[in-house]
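Student: Sequence:
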Amino acid sequence: MQISETILLIITMVITVISALFCIISLATPRWTTFYGLFCTGCSTSSAGLSVVALILLVASIIVLLLCIIRILPKSTRILSLVVLFIASIFTLASFAAYYDSIAGYSYNLMVVAHFLCYAASILTAFWLGTSYTGAITQEN
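When you line the sequence shown up against numbering that gives the first Met the number 0, it's residues 0 to 140, in that order.
The set of hints was computed from the structure by calculation and includes no laboratory data.
Ideal Cβ placement from N, Cα and C applies to all residues, glycine included.
Check the hints yourself; a few may be wrong.
Per label pair, the in silico range of CB-to-CB distance [as the list claims (entries may be wrong)]: (1) S3 - G48: 36 to 44 Å; (2) T28 - A96: 12 to 20 Å; (3) I9 - A97: 29 to 37 Å; (4) L66 - I17: 16 to 24 Å; (5) I71 - Y132: 18 to 26 Å; (6) T76 - S3: 18 to 26 Å; (7) N108 - I69: 31 to 39 Å.
Whole structure, please, built from the sequences with the hints as guidance.
Tutor: What follows is the structure, encoded as structure tokens:
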């Protein structure tokens, strides 16, 4: 069974959009621990910075995936989508690892979900990239 390259990229982009949405919600809500959010006096600034960088990288990966879907980027730059998603997953992981506390609120868990979805999108992008070089998926002109 063959799968369309465009369909696989759209699925990957949708997962990345959902991941970015969870990241935005996590940044905007105050429940990283019992009472405090990331942007308060005396709170972990490293975790806040890492979260913002992760969000920026997720948005960049959405743009790169969209450019791949509409065939604007040349085929030689396909690896860029995987690299950006992988780096974004590292930053999401680092953001909640930097803030690790034994008492975690729902905002912390939302960032965990954002990391998981980012990682899943990275895996799908790697699959697309690997199979597009072997011709196992349907190439569309």
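Student: If a hint holds in the structure, say so; if it doesn't, say that too.
Tutor: Evaluation of the provided hints:
At roughly 39 Å, the beta carbons of S3 and G48 sit within the given window of 36 to 44 Å. A C-beta distance of roughly 19 Å is found between T28 and A96, which places it inside the suggested range of 12 to 20 Å. The supplied range of 29 to 37 Å is met by I9 and A97, whose beta-carbon atoms lie about 33 Å from each other. Between L66 and I17 the CB atoms are about 19 Å apart, so this pair conforms to the stated range of 16 to 24 Å.
As the Cβ distance of I71 to Y132 is approximately 20 Å, the hint placing it in 18 to 26 Å holds. Range check, T76 to S3: Cβ separation about 20 Å, and the 18 to 26 Å hint holds. At roughly 34 Å, the beta carbons of N108 and I69 sit within the given window of 31 to 39 Å.
Hint compliance for this structure: every hint is met.
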